[in-house]
Amino acid sequence: MNADEKIAVAHLNVAFRKGADYVPVVHDITFTIGAGETLALVGESGSGKSVTSLAIMKLLAEAPKTRIDGSAIVADRHGAPIDLVAMGEQQMRHVRGNRVAMIFQEPLTSLNPVHRVGDQIAEAIRFHQSLSKADARARARALALLEQVGIPEPVKRLDCYPHELSGGMRQRVMIAIALAMEPDVLIADEPTTALDVTVQAQILDLLRNLQKKNGMAILFITHNFGVVAEIADRVMVMYAGRIVEQGSVSQVLSSPRMPYTRGLLAAVPRFEHAGLAQGELGTIAGFVPDPSTPPSGCAFHPRCGYSIAGRCDQQAPVLEEIEMGHQLRCVRWRELATEQEGAR
Amino acid sequence: MPNYILNRLGQSAVVLVLVSLIGFMVLNLAPGGPMSQFALNPGMSQAELDRIAEQLGLKRPLLVQYIDWFSHLFVGDWGHSFRDGRPVLSVIAGHLPATLLLMGTSTLLSIVIGTWVGVLGAVRRYSVFDTLATVGAMVALSIPTFWFGLVAIFFFSLHLGWLPAGNMYTIGDQSLGDYAIHLVLPVLVLALVNVAIWSRYMRSATLDVIDQDFVRTARAKGVPYRRVLTHHVIRNALLPMITLAGLQIPTILGGALVTETVFTWPGMGRLFLDSLGYSDYPVIMGILMFSAVLVLLGNLLADLLIGVADPRVRLA
Amino acid sequence: MTTATHYLPASRRWAWLANPTLRRFMRHKLAVLGVVMITVLILACVFGPYLLHYNDLSIDIRNRFAPPFTGNHYLGTDALGRDTAARLLNAGRISLMVGFCAMLISIVIGTLIGVIAGYYRGWIGAGLMRFVDAFLSFPSVFLVLVLAAFTKPSPMVITLIIAVTSWMEISRIVEAEIRSLRERDFTLAARMIGASSRWIMFRELMPNAIGPIIVAATLTIANAILLEAYISFLGYGIQPPLPSWGNMLNAAQQYLGKAPWLAIIPGLAITLAVTSFNFIGDGLRDALDGRSDLK
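Residue numbers (our numbering), protein chains in the order written: chain D, 1 to 344; chain G, 1 to 316; chain W, 1 to 295.
Chain D on its own, in the form it takes in the complex:
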């Protein structure tokens, strides 16, 4: 891992136990995120995005119910590299919320309803810094955090209960909790999906500003390309547990090569199409495959409009670098690229 990389994940594989065997759910994920950089992780439900993030945080069911291989390297407080995959639960406890933090999708159910908000923020600080309950420093820091995430009247809010706050405010509290120990890496699992669009914009703004200030790396999981365009520097598209396209936001969003990515982008409602005859919302027919019965060859071929029998259902494609920083997983990308050039 380089000096300016905050997290380096290499060949991450996750498998769940079903009966006597293990069903692989996530295959060979490799990515790095640098300081101040945001990597968006995009895919449909069931593509393995959440599993990947939970695996890095070791929040999945314990072995032997799950099996994780590969490595996920972050830096500890002194700058030395540590591999999360290899760590035991006791060590992970010191990493979670400290070096790597996570925020989730549903702010209402993600906060304990019987504890005050201020106590829940302070809890994160207290246990990493071994402060006692009476220590005022944790509470002072919690107050400072509430101000940082833009909550009005923070002194009053410290003693509020979660159900007394709105959805947007609760998500801000979640962010405050996550940032309490100034982590290197923030994993955001669809944090804006459950919020109104206006609140969504505020939260994204907040995250961007906080990132500028403390230079943390953000892994932003979403299925919404609009959000990707707003906040991400690079994009990683996942399908059936594998990365199928990876590159900078401009590369992937303006000229996607992989048929799946093209399909996803076509499904985004666009203002220009409104009222036009061809303004039909593109969809990708079919469903995400069941991990225990994957299709032969390319996992996407049953739903791909460009698949060719004999090639796409036989050969499992590998991740190829097609231009600087842009990788994808498709055996036909060259032909499809020339077709596109021709069509233009």
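To be clear, the hints were calculated from the coordinates, so they are not data collected in a lab. Where is the CB? At the ideal position from N, CA and C, for every residue including glycine. One or more hints might be untrue.
Computed spacing ranges between beta-carbons, pair by pair [stated by the list, open to error]:
hint : chain 1 : residue 1 : chain 2 : residue 2 : range
1    : W       : Y74       : G       : N167      : 33 to 41 Å
2    : G       : D50       : W       : S154      : 25 to 33 Å
3    : G       : P61       : W       : I124      : 24 to 32 Å
4    : D       : S255      : G       : R235      : 48 to 56 Å
5    : W       : S154      : G       : L49       : 25 to 33 Å
6    : W       : R23       : D       : Q314      : 38 to 46 Å
7    : W       : L188      : G       : D208      : 45 to 53 Å
8    : G       : T230      : D       : A35       : 46 to 54 Å
9    : D       : K65       : G       : R226      : 20 to 28 Å
10   : G       : G76       : W       : D60       : 56 to 64 Å
Here are the simulated DSS-like pairs of lysine-lysine, each with C-alpha atoms no more than 30 Å apart in a straight line [unchecked claim]:
hint : chain 1 : residue 1 : chain 2 : residue 2
11   : D       : K213      : D       : K156
12   : D       : K133      : D       : K156
13   : D       : K156      : D       : K212
14   : W       : K29       : D       : K18
15   : W       : K29       : D       : K65
16   : D       : K18       : D       : K65
Facing chain D, a subset of chain G residues (Cβ under 8 Å, in silico) [to be verified]:
hint : residue
17   : A93
18   : F214
19   : R235
Go by the hints and put chains G and W onto chain D.
Only chains G and W this time, still in chain D's reference frame:
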């Protein structure tokens, strides 16, 4: 919170009135009704019986009788025992401490053990411990308490001679140790069923909580697992248990009655049975009403406790 | 889908074997064990007395207090020399019968009240449920004893008394079910086509609540057997010479040191019966609640 309290108080008041109605109906079902003390005496002529009935106000319309009876209950005049003429309330009060000691100790023990077994079973779902605990709880629920008491007496008292076979103390020796050793068997026997019930409900409540998002958040914060369990999981799982505890009071009272029978424990249950034998209807009715009021108070207390413990209720 | 058809037998007469609820029930090992245990018990009580060497009434003072396995007294004899096994099985007939009938009656009462309270809500519903609450405030043991002491104890009366103190739980469960079912669309549809309240209550809503009612039924039998045993033990229930598991225990109490088997055996029988019903009830609860397939 004030609305909540008023609402609960109002409901309890309604139930209290209904309880008294039921009680009054039962009272009049007794053979000979409120006249039974005299009606069963063959020496009395019908004219004398009528005169006494008139004196006792039994010729008045039932509604009037009911109101009269209920208002007496309200001010503490619960009638007098047929056996020794003492006021019913003081007779009951005399026997109450023994029952409370038995019930209290046993309930405390059940809650502690039941919580521990239930939570552990939930955390290690489907493990050997959990399966044994679940099956064990179901069997324990099915064992008749009085039979279990008999078997326990046979084994620990008659066979092994470790513990006394009944009573609350030995005459002559009323030291703390003597009380304690007499308390052991009855408390354990009474606790058996309660531990089973409590552990099953605790297990299910814990399972409900453990899957919730905020538990995941707590772990993601880096909070030690032990604290996640105590402060987050158990703290929330105990909330429905408070309501349960209130609903369990009638069962525990009934169990106490059974246990006092087998262990000749000088409590309210024993008094109830003795009074049944003597047809001492005032005391019987008194205990019936008393236990109902205890249950109502207990449920009210539980509801108030929930208001304190769960901020969602308090600030609704 | 394929696995289900694999099990479907050719003849339609046995098609009910593929019923998913039944399959779910069968997966519950304890519940199946419960069914087996109670079937054996019932068969033993019904047919057993004809197969034993002694009947439950023959007194044989010379052979009193014989421990189990003495000669043909498989379970020994009691204070009057009567065969324990014979008494046990005959007592079982009565105890199980009382439990079963009490359950039936309380189901009828409880369902009726629950359906009415759940459907009408408002003052009627709230009033009825407060009434139920009031009844539940009396510990059932106390209530049963009082009623038993006030009346002449015959099996019929005992059954009624137990039923009268057991219907409350059922009405609570039914009321809750009906209350939620009432809001569903099919109720609205029924009202739109002009169905009468009575029709809706008993032909539309109640059949949908059958699941919880059945579960409550098994648990009610379990409780009824325990209650009967207790009041008979105290002497207020089934009176001798009619045997019941409860009054056998009463007689055994004074000979606890001398002939412990007299106390242990009837209690085991009660425990066995009640455990079976509890296991069955648990299995039924999971089988009827389809969602618990997701383990």
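Hint-by-hint comparison with the structure:
no. : hint                           : result
1   : Y74/W with N167/G: 33 to 41 Å  : holds, 37 Å
2   : D50/G with S154/W: 25 to 33 Å  : holds, 32 Å
3   : P61/G with I124/W: 24 to 32 Å  : holds, 26 Å
4   : S255/D with R235/G: 48 to 56 Å : holds, 53 Å
5   : S154/W with L49/G: 25 to 33 Å  : holds, 28 Å
6   : R23/W with Q314/D: 38 to 46 Å  : holds, 40 Å
7   : L188/W with D208/G: 45 to 53 Å : violated, 31 Å
8   : T230/G with A35/D: 46 to 54 Å  : violated, 38 Å
9   : K65/D with R226/G: 20 to 28 Å  : holds, 21 Å
10  : G76/G with D60/W: 56 to 64 Å   : holds, 58 Å
11  : K213/D with K156/D             : holds, 26 Å
12  : K133/D with K156/D             : holds, 20 Å
13  : K156/D with K212/D             : holds, 28 Å
14  : K29/W with K18/D               : holds, 21 Å
15  : K29/W with K65/D               : holds, 24 Å
16  : K18/D with K65/D               : holds, 8 Å
17  : A93                            : violated, 39 Å
18  : F214                           : holds, 4 Å
19  : R235                           : holds, 6 Å
The earlier numbered hints that this structure contradicts are 7, 8 and 17.
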